[in-house]
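Chemist: Sequence:
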Amino acid sequence: MALRDEALVTVAVFETEFEASLARGALEAIGIPALVPYEAGGSFTGLYAGRLPNTVTELKVFESDRHRASVELRRMQMRIVGPDANDDE
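Quick note: the sequence shown, position 49, residue 34 per the working numbering, numbers continuous.
Simulated from the structure, these hints should not be mistaken for lab results. Check before you lean on any hint, since a few could be wrong.
[Stated by the list, open to error] Simulated DEER-style distance windows between Cβ atoms:
#, residue 1, residue 2, range
1, Gln62, Asp(-10), 16 to 26 Å
2, Arg53, Asp(-10), 26 to 36 Å
3, Val(-6), Ala14, 19 to 29 Å
4, Ala(-8), Val56, 15 to 25 Å
From the three backbone atoms N, C-alpha and C, an ideal C-beta is built for every residue, glycine too.
Model the full structure from these sequences, guided by the hints.
Modeler: In structure tokens, the structure reads:
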């Protein structure tokens, strides 16, 4: 994957890393690069070096993929608990 000079944005927040990882995999399967910070794996492995304690887990995508990722997550009926859960862009 080529590096992109583009901001990463949080597209969804999940209660567990497992749920976020499932969503990441689903987005990557349809061609949307995605990141679960601190996860060992995914298309951005190594971008973050350590994990800070969190109560929720973020799913990030490139800014240009945000709308498509939001639409796809809703289409897949992913259970999202974060601020973008009702994103209607």
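Chemist: It remains to establish, for every hint, whether it holds in the given structure.
Modeler: Structure-based check of each hint:
The given range of 16 to 26 Å is broken by Gln62 and Asp(-10), whose C-beta atoms sit roughly 33 Å from each other. Roughly 19 Å separates the CB atoms of Arg53 and Asp(-10), a value that falls outside the hinted 26 to 36 Å. For Val(-6) and Ala14, the Cβ-Cβ distance of about 20 Å falls inside the hinted range of 19 to 29 Å, so the restraint holds. Between Ala(-8) and Val56 the C-beta distance comes to about 19 Å, which sits within the given range of 15 to 25 Å.
In summary, the structure is inconsistent with hints 1 and 2 from the numbered list given earlier, while agreeing with the others.
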